[in-house]
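Could you build the full structure based on these sequences and the hints that come with them?
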Amino acid sequence: LLTMHTSASAQFDAVYGTGKPFPAVAAEPEPPGPCIGKTITVGEYGAIPNDSVDDMVAIQKALDAAEDGDCVTLDPMGEYRHSNVLYLRRSGVTFDGLGVSTLRATDPKLQAVFTQGHRLTIKNMKRITSASTNGPALR
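Per this note's numbering: the sequence shown = residues 57 to 195.
A few of these clues could be false.
Estimated spans, in silico, between C-beta atoms of each pair [what the hints assert, rightly or not]: (1) Gly173 to Gly134: 34 to 40 Å; (2) Pro164 to Ile92: 30 to 36 Å; (3) Lys94 to Lys165: 29 to 35 Å; (4) Pro164 to Asp124: 29 to 35 Å.
For the record, the hints were derived by calculation from the structure and aren't laboratory data. Think of the CB as a built atom: it goes at the ideal place given N, C-alpha and C, for glycine as much as any other residue.
Structure follows, in structure tokens:
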């Protein structure tokens, strides 16, 4: 599994500036650590893994419900489809794939997870597009 290590400025540069890909470092997935705040599952907002339904709205609602110190998890574990860019807007939020979950973009042009806050963590998930079978993991 590949894991991405990036700072907020590197993420910004990758999306808006240089366009260079994130550096990849091979590593084991981190265990889901305790959240300072609450744990929010995308399943609580209606996302169902391993089906052919777009989970973008449910995932975005879960991300929007998170506050500073909260964790949003791709749980139940599995593969989640999204048809548009996802936004991690609040500072201090962790988005965790629990080491086994996958985000599958149905459109390669819209596969991004944009970060707009500070002190954000995206970890332990695989990201792929409908046109590929493998992609980099995010951390």
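Here is how each hint holds up against the structure:
1. Taking the beta carbon of each, Gly173 and Gly134 are about 26 Å apart, not inside 34 to 40 Å as hinted.
2. Evaluation of the 30 to 36 Å hint for Pro164 and Ile92 yields a pass: the beta carbon distance comes to about 35 Å.
3. The given range of 29 to 35 Å is respected by Lys94 and Lys165, whose C-beta atoms sit roughly 33 Å from each other.
4. For the hinted restraint 29 to 35 Å between Pro164 and Asp124, the CB-CB distance of approximately 32 Å keeps it satisfied.
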